[in-house]
Amino acid sequence: MVANDGVDLVVGDGEIHALLGENGAGKTTLMNVVYGLYHSDGGRILLDGKEVRFASPKDAIAAGIGMVHQHFMLVPVFTVAENVMLGIERAGPLGVLDRARARRDVRELSERYGLSVTPDAQVEDLPVGVQQRVEILKALVRQVRILILDEPTAVLTPQEIEEFFRVIRTLRDDSGTSIIFITHKLKEVLEIADRVTVMRHGRVVGSTEPSATTEQQLASMMVGREVQLRVSKGPAHPGEPVLRVESLTVADDRDQVAVDGVSFEVRAGEILMVAGVQGNGQTELVEALTGLRRPVSGAVTVAGRDLTGASPRDVLRAGVAHVPEDRQKDGMIPTFPIQDNLVLDTYDRDPYARGWSIDREQVHRSAVERMREFDIRAPSVVTPAATLSGGNQQKVIVAREFSRPISLLIASQPTRGLDVGSVQYIHERIVQQRDEGVAVLIVSSELDEVTALADRIAVMFRGGIAGPFDAAEMSRERLGLLMAGVGDAGPSAGDAEGSAT
Amino acid sequence: MSEPAAPTAAAPAPGPGPEPEQPRPGRWAALGRFAPTESAGSAILVTVLAFVTALAIGALVIVFSDPDVLSKYGYFFARPSDALSASWNEITATYGALFSGSLGSPSQIAHALASGDAARIQQSFYPLSETIVAATPLIFTGLAVALAFRAGMFNIGAEGQLFVGGLLAGLVGFAWHLPPGIHLVVALLAGLAGGALWGFVPGFLKARTGAHEVITTIMMNYIAISLSFYLLSSSLYRRPGRTDPISKIVDTNARLPHLAGANLRLHSGIILAVLVTWAVAWLLKRSTIGFELRAVGLNPDAARTAGMNIGRTYILAMMLAGALAGLGGANQVLGVQYTLAPGFSANLGFDAITLALLGRANPWGVFAAALLFGMLRAGAVQMQAATGTPVDMVVVIQALIIVFVAAPALVRAIYRIKVKDVSGTQPVSGGWGG
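Chain order of the listed sequences is A and B.
When we follow the numbering used here, the leftmost residue of the first sequence carries the number 1, and every step to the right adds one.
When we follow the numbering used here, the leftmost residue of the second sequence carries the number 502, and every step to the right adds one.
Chain B extracted, bound-state conformation (with noise of 0.2 Å):
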C-alpha cells in the first residue's frame, strides 16, 4: 500500500490530463482580427473613425513642421489669434491641395463640363485619373496579401511575385510581336505566371518542409530584386544604345489601352482590377477552392481532420496570391511604365501588407482601401507642389490609419464607442469545466 499508484508510474506522457472546453487561441490568434468576426458596421465605423484621426493628428504634424507657422507660437499668449489661424490656413491649405491633387476640384470640374471644351474636361479629371492609376497595383497587391491572410499565411512576398511577374510581362510585351488583343492577353498571362511561380516557392517550402512563409517570402523578395539588376543589364532586356540598366520598350499591342485619351494616364487595367477583385471575392465565398483556403487559414487541424490536404491548400494559395501580384507587376509596365527600369515597383508589395490589413482580407474592403491610399499617392504630389509640404507627410498619415485600424480598442475608447464583444462569446465560466 506504500505505492498505490505506482503500476502507472512510467505511463508514456502522463500529461497534464484532458483539457475540456479550453477555448484555446488559434495558432494565428493574431489573424483572428483580419477575419470579419466583428459586425460590418462596426468595422467600417472604426475604419472610417481611424481615417478621420490620422487626419488630425497629421494636422498637428502639419502645424508644427512649418517654421512660419510656429515662429508665430511664440507670442501666442499675446496674440493668439495669429498662431491660430495660420495654423488653420496652413491645415486647410494642405488638405486642400491634398483632396484637389487626388479628386479634382469640383468647380473646376463642373465649369469644364457646362464649357464643353473636351481638352478642359479631360484637364479636370486629371487628378482622379492619377488616383485610379495610383490604386490600381495597390488593389492587385493587397488581394495577393488578402488572399493569402484568409489561408492562414503572412505573405510578404508580393513586392518580388510583383517583380517577376512585370519582369515576364515586359519580356513577352517587347520580344515577342503578336496580334493586337492576342498580345496583351499573352503578356498578361506572363505576368500572372511569373508571379504564381514566385507564390509557388514559399508555399512548396511551407508544405515540404514547413518552413515559414514570412521567411522564405522575404528571403524571395531579395532574389526577385537582384534578378531584375542582373536581367536589365544583360542583352535580353536592356534597351540597345543604352548602359544603364533599362529594358526596350513594349510594343503598342501590349499596352493596355487608355480610357480616357491619350492625355490622361488612365487605362484599362483598372477595368481588370475590378473584375479580379470579384472573382476574388467569389473564389473564397462560393467556391471549393475558397472553402478550404478558410477552412485551413483558420483551423488547420480541423480542416485536416475532415480530409483537406493542407500542404496542396498552401501551395495553391500562395500560387493565387503570386499570380495577383503578378498581374500587378504586368499592369505596372503594361498599363503605365511600358518598360523596365530598377524599382520599379515603388513598394507596391509592401503597402499591399497595410491595404490587407486596413482592407481587413476581405477582397472589396482591399479595394476601397487601395483607391484611399492611391488618393493619397497621387494627392501627395500635388499637396508637395502647392503648399510645400512634404510628400513624406502621407506615410505619416498611412502609418497613424494603420496604427488605428490594427488597435480599434483605441479608436473606440477615444469615440466611446460601445460594443458587445462578438469574438469571445464564451461564458466566463465555461473555461475550466466548472
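Just chain A, with the same shape it has in the complex (with noise of 0.2 Å):
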C-alpha cells in the first residue's frame, strides 16, 4: 500500500507550515517517515541542502526535529522534569541523577515561551492541554530546529486552542523553530500557518499562502471536488418531547459520579447537541440512556415509555437508534460482511428471521438495497466490514440505525475521524431525520459539528449539564466558555460546579 506518493513537501526555517489532508491522505505518514520511524522506499530529505538519511527516531533528534504525536508519550506517574529528562538523563557524580538541572531546564524554558508548566507536577494531574505542553517542552530541551505536531488541536478546548497558537507563534519569532503542523481544520489553517501545503490519496496537491486562499478552496483542494461546508438546515418544528430524562445520576466504571442528576428533554423534530470535552460525563450519560449502564438514580422516558434501567435490546426495540461513539469497538463486528452488519440488531426479527433461521437471501437483499440507498461505496456485500473507510464504516451503522422504525436518535461523535464528503453525508441524513420528526441527541467535542447541527445546545462539564440553550442564541465563545466550566447563566458562575439547569 502506497501512503505517500511522490511527494514534495517544502518547509521553510522559521515558518509554520500547516500540512493538511483529510484522514488517511498520508500526512502522518509522510511526517513519520521524516521523524525516522518510516522508511521511504524512494525520494530524499535534505535538511539545509545536505541529505540526510535517519535510522530512527534517534538520529532525527540529533539531527535538530521533533515530533509531538496524536497520542501523547508521557509516564503518567512521573513528574514533567522526569518526563522530560527521561532518555537523556545526566548524571552527576556518584551515578546519581541530575534532578535539579532537569527542573531548572524545564522552569527556564517554561518561562521563556510562556508555557506556564511546574517541574514537579505529575504528569497524570495535568489536563490535556498541558500535557501537550510537556511534550513540547521535551522537544524543547532536545533542542530541536523543527518540530512536527500531530494533530495537536484535536484534544484541546477553544480556549486552550487560542493559548497552543500563542505558544506555537513564541516558539518561532523567539527560536526560529519551524513548525510543522497537521491538520484537517480549516479554520486552524487559516488562522495560524504561514504556508499551507495540502495532500490528497498520499500526494501534494498544492501549496499556498492561507493569505491567498479561502476555506472553501482549501476544502475543494483537500476533498478533490466542490464541497459544501455548511448542512443546509431550515429551521426546526419541535413537536412533543420524546426523551425525558430527570435528574438522571450515572457512576462510571471507578464507581465514581459521571453524570450528576441531569435532567433536560429532547422534542421530536429538534436537534439536541451536546457539547463539552471529551470526559466530562458524556460517554457515561449515553450508555445509561441507551441501556449499557444502569444509573445510580432518576429516570429516562421515551416516547412516554419508562426505560430507566432497561436492557440494550429493549431501549433499540422501544424505537431508539444508536449510533455509538466508537465505531469499530461498539457500533459493528469487523470481521463479518457488511451485510451481517447492517443486520446485528435485527437478525432475529421479521422479515430476516423465521424461526430460528436466518433469511441469508432476505439479508443479502435488503443488503445491496442499503448499499445503494446510503451510499456505501464497498465491492460487495460481503466485503468485512474491517476493510471499509471509516466513513463507509459509519454509514454502516448509520444504514442500519435508520431502517429501523425511530423516534429517538442517540449518536457519540458521529462524524469523528470522517473525511469532508462522509461528514457532510451523515450531517444530511442527521437533519433528514429530524425533518422527518425524529427526536435527535448528539454528542459532540466538535465546536464546528454543535455549530452546524444544533437546534438547541446544552453542554457537559464534570458530569452536570449547563442548558439547554437555544442554538441562535449561542456564541462560540459563551460556547467554549462554557465546556471549560466558565458558567454564565446560573448563580454560582465561574464556579467549577457552575451549571445552569
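Just so you know, not all the hints are guaranteed correct.
[Stated by the list, open to error] Below are the SDA-like pairs computed for lysine to any residue, each with C-alpha atoms no more than 25 Å apart in a straight line:
1) B:786 x A:351
2) A:187 x A:14
3) B:786 x A:360
4) B:786 x A:369
5) B:786 x A:13
6) A:50 x A:13
I should point out that these hints are in silico values taken from the structure, not numbers from a laboratory.
Since this is a predicted model, take the numbers as computed values, not measurements.
Using the hints, build the complex out of the two chains.
Written as C-alpha cells, this is what we have:
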C-alpha cells in the first residue's frame, strides 16, 4: 500500500507550515518518514541543503527534528521534569540523577516561551492541554529546530487552542523554530499557518499561502471536488418531548459520579447537541440512555415509556437508534461482512428471521438495497466491514440504525475522524431524520459540528449540564467558556461546578 | 493568564483524548487465527503442507531413534549407501504400517472383494473400521471446543463434560430397562444432558461473575474425573462381584448398533457424528443463535451495544459445547466399551483442543481433522506391532502438525507461498488519523 506517492514538501526556516489533508491522506505517514519511524522506498530528505538519512527517531532528534504525536508519549506517574529528562538523563558524580538540572531546564524554558508548566507536577494530574506543552518541552530541551505536531488541537478546548497558538507563535518568533502542523481543520490553517501544503490520497495537491486562499478553496483541494461546508437545514418544528431525562445520576467504572443529577428533554423534530470536552460524563450519559449502563438514580422515559435501567435490546426495540462513539469497538463486528453488520440488531426479527433460521437471501437482498440507498462504497455486501474506510463504516452503522422505525436518535461523535464528504453526508442524513419528526440527541466535542447541527445546545462539564440553550443565542465564545466550566447562566457563575439547569 | 487552562485542571479522567480510527486487536486477538479470515483454499493448503512437513520431520525422528539404523551412520562416510537404505527401509516400513493399520491395504481389500468371502471382506476393512471408531468421539469433543471458540471462549473442559456425559449415559444404559430404540435415545439424551450441565456451570460463572472459563473448565475436569472414581466405586455403578471400580454392563437395547457385523467395531455413532456436524454447521451459519454466538465471539462490545445478551450467549454456548462433549462420552460408553472404567476417556477431551485448532473451529474442518487423528490413533497400534516404533511416535507427529498449523507463516516460509494478507487490511496511513 502506497501511503505517500512522490511527495514534495519544502518547509522554510522559522515558518509555521500546515500540512492539511483528510484522514488517510498520508500526512502522518509522511511525517513519520521524516522523523525516522518509517523508511521511504525512494526520494530524499534534505536538511539545510544536505541529504540526511534517519534510521530511527534517535537520528532525527540528533539532527534537530522533534515530533509530538497525537497520542502523548508520557509516563503518567512521573513528574514533568522526570518526563522531560527521560532518555537524556544526566547523572552527577556517583551516578545520581541530576534532577535539579532537569527542573531548572523545565522552569527556564517554560518561562521563556510562556508555557506555564511547573516542573514538579505529576503528569497524570495535568489537563490534556498542559500535557501537550510537556511534550513540546521535551522537544525544546532536545533543542529541536523543526517541530512536528500531529493533530495537536484535536484534544483541546477552544480556549486551550488559543493558548496553544500563542505558544507556537512564540516558538517561531523567538527561536526561529520551524513548525510542521498536521491538521484537517480548515479554520486553524487560515489562522495560524504561514504556508499550507494540501495532501490527498498520498500526494501533494498544492501549496499556498493562507492569505491567498479561502476555506472553500482549501476544502475543495482537500477533497478533490466542490464541497458544501454548511449543512442546509431549515428551521426546526419541534413537537412533543420524546426523550425525558429526570435527575439522572450515573457512576463510571470506578464508581465515581460521572453524570450528576442531570435533567433535560429532547422534542420530536429537533436536534439537541450536547457539547463538551471529552471525559465530562458524555460517554456515561449515552450509555445510561441506551441501556448499556445502569443509572444510580433518576428516570429516563422515551415516548412516555419508562426505560430507566432497561436492557440495550429493550431500548433499541422501543424505537431508539444508537450510533455509538467508538464505531469499530461498539458499532460493528469488523470481521463480519457488511450485510451481517447491517442486521446486527434486527437479525432475529421479521423479515430476516423465521423462527430460529435466518433468511440469508433476505439479508443479502436488503443489504444490496441499503448499500445503494446510503451510498456505501465497497466491492460487495460480503466485504468485511473492517476493510472499509471510516466514512463507509459509519454509513453502514447509520444505514442499520436509520432503517428501523425510530422515534429517537442518539449519536456520539458521529463524524469523528471522517473525511469532509462523509461528514457532509452523515449530517444531511441526521437533519433528514429530524425533519421526519425524529427526536435527535447528539454528543459532540467538535465545535464546528455543534454549531452546524444544533437547534438547541447543552454543555456538559464534570457531570453537570448547562442549558439547553437556543442555538441561535449561543456564540462560539460563550460555548467555549461553558465547555471550560466557566458558567454564565447560573448563580454560581465562574465556579467550577457552575451548571445551570 | 498564568494558568489559562486551569478551569479544566481537575476534569474527571482527562484521558489520552480521542482515539480515532485505531484498528484495535480484539480481546481475543489470538482467536482471530481460528476464524476463517483467510481464504479457504489457502487454509487447506497450509494444513496439508503442515501434515506433510510433520511426516517428514517425523521420519527423521524414526531414523534417529532406531539404534540399528543409527549404528549404520557410524560408518556413513565409508559406505553411505548402507545408512541411507536402512533409513529408507525403516521409514517406509513404519509409515507403511501406520497407513495400512489405519486405512487397510488396497491390494488386500481388492483380493477380499474378488473372493466374495464375507469374512475376508470384513477382515480387510478392519483398519478402516478402527479409524472411524477412534475418530467418532473426537468429532464430538472437537466440535465442543470449536463451538465455544466461535463464541469467544476456550473450552478446556471437554474432557470433564465427556466424563459426565458418559457417566449419565452409562447409568441410564444399565440401570433402566426400556424397549429397543427408546432406550438408546434416552441414554443418548442423558449423555447430552450430563455434558450440558457440566458446561452450564462455567458458562454461568462467566456470565454472572466474569470468572474465566479456562480456569473453571479445568477445575470442572478435576471434579468430573474424581466424581467418576467415586461413582464407579459406589454400589450404584460397581459391577456385582467386582472389587475394582468398573461399572455394570450396558443393556443391549441401549447400545449403538453395529454397522458391519459383530466382528467389526464400526457402530452407528459415526452416523450420529455426521448429523451432529451438519447440525452445528447449520447452527453457526444459518441460525439466529449462531449469529449471536459468532457476534459475541468476535466483538462482545458491539454485540452488547446491538442488544444481544452476552451473558445468556456465554451460558448457551457452553451448554451446547458441553452437550456435544457429553454425546462423545455417551458414544464411547454405548458404542465401544459398553461399560465404564476409570479413565475411559483416553484424553479425548484434550485432543479435542488440538483438533479444533487444526480444523480452524469450522465444523467440517473439525470433522476432517478428527478423521485424521483417528487414522493416526488406529494406525499407531499396527505400527508398533509391525516395526517396533513406539505408539508415542504418533503423538510426536500430532504435535508437529499443530506447531505448523499454529504457525502458518512458518509453513509459508518453508514452501515460499506468497499470500496477500487479508486480516490486517487497514491502510498504513490510517492508523493515526494522518
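To see whether the hints hold, each was checked on the structure:
Between the alpha carbons of residue 786 (chain B) and residue 351 (chain A) the distance comes to roughly 18 Å, so the proposed pair stays at or under 25 Å and holds. Between residue 187 (chain A) and residue 14 (chain A) the CA atoms are separated by roughly 21 Å; this keeps the pair inside 25 Å, and the hint holds. Between residue 786 (chain B) and residue 360 (chain A), the direct Cα distance comes to roughly 9 Å. Compliance with the 25 Å bound is thereby established for this hinted pair. A hinted pair counts as satisfied when its Cα atoms are at most 25 Å apart, and residue 786 (chain B) with residue 369 (chain A) qualifies at roughly 22 Å.
With a CA separation close to 61 Å, the supplied pair residue 786 (chain B) and residue 13 (chain A) exceeds the 25 Å bound. In summary, the hint linking residue 50 (chain A) to residue 13 (chain A) is supported, as the alpha carbons are separated by about 15 Å, within the 25 Å threshold.
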